[in-house]
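Student: Based on the sequences and whatever the hints tell you, model everything.
Number of protein chains: 2
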Amino acid sequence: MNSEFNIAVHCLTLLSLKKDHMANSDEIAKSVCTHPARVRKVLGLLRKQGYVTTKEGVGGGYLLNADSSKVTLGDLYRLLARGSLQPSWCSGGGESACVVSEHIQEVMERIYSGGELALERHYDNITLLDVTRDIQSENQP
Amino acid sequence: MNSEFNIAVHCLTLLSLKKDHMANSDEIAKSVCTHPARVRKVLGLLRKQGYVTTKEGVGGGYLLNADSSKVTLGDLYRLLARGSLQPSWCSGGGESACVVSEHIQEVMERIYSGGELALERHYDNITLLDVTRDIQSENQP
DNA sequence: AAAACTGTTATGCATATAATTACAGATGAG
DNA sequence: CTCATCTGTAATTATATGCATAACAGTTTT
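Each protein sequence line maps, in turn, to chains A and B. Under the numbering used here, think of the first position of the first sequence as 1425, with each following residue one higher. Under the numbering used here, think of the first position of the second sequence as 1425, with each following residue one higher.
A hint or two may mislead.
Heads up, the list lumps identical chains together, so a pair's fine if it works in one copy or across two of them.
To be verified - Below, computed lysine to any residue pairings styled on SDA-like, alpha-carbon distance capped at 25 Å:
#1 Lys1442 to Ile1550
#2 Lys1443 to Leu1469
#3 Lys1454 to Asp1548
#4 Lys1479 to Trp1513
#5 Lys1443 to Glu1530
#6 Lys1442 to Gly1468
#7 Lys1454 to Arg1534
#8 Lys1443 to Tyr1536
#9 Lys1454 to Gly1517
#10 Lys1465 to Leu1509
#11 Lys1465 to Pro1511
#12 Lys1494 to Glu1530
#13 Lys1454 to Ser1492
Hints listed in this document are in silico derivations from the structure and should not be mistaken for laboratory results.
Tutor: As structure tokens, then:
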């Protein structure tokens, strides 16, 4: 799995906690600890789904455009990480005349997608608001 | 995620379906479609957990040593894939004086391990016997 | 003693991930 | 209008991971 899901959670949490709910890619990148171009790539996807709006030009940046109690980690997982549970290499599918070899790929695909569904259902119960609260409670131990 | 979980499921299913529940790494590797050394590596781990026994020397190989209705995909996931949900690169942790940047890593770690727990609970309900049945029913559509 | 296995390590190669650079397009300030 | 600033996006490079392959010691059967 790559880290775009992580980055999305980070960015939205950050925007959610800022007073004006706004920041540009430079500021966000410093917090995320990555390159601004990477932040723009992820936030570009979030923009297409309507989670943020962008303002170009001087003083521009990204503006949160969603209710943090309505956005779930499930939404973000589906958008940015779906399919990553299944590895690119999978067993079987060769020329072996073996029942397992011939059918394992369909079976494993169901196993991976079933697992992913369980994962998504779990993440559907966690909202962005929950995450912002976690961040804040970590700040006051 | 790497494919050792997949390989483990494949190997145990294969052994389970063979009449004598036995095969050597060459035969298994052909079915899995990989190199025998890779099969030996995974089956070595399964041996340490008692799922299989090995017989060295001529006519040797791996022998299934478990009840397929008792072994779950959860067991195999924990053994071979636990921790793979969390990417190696994670956000935050830099020098940014930002609440999110300072605490996101602990929060994300909980998010990933919580997700993995949901995944494991799902896989705990699928046994190796279920998989062998799936393979066989794929064979007769 | 020889042959057939496993167990394990080392090496090379392919792929995936992240960093970086670059630049076109859009917008607001002056 | 023009310039500075910011997003959107593509191309390139660097690094990490995953897999294939080769090699060899150790074990067991014949």
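Student: Which of the numbered hints are not met once you compare them with the structure shown?
Tutor: 3, 4, 8
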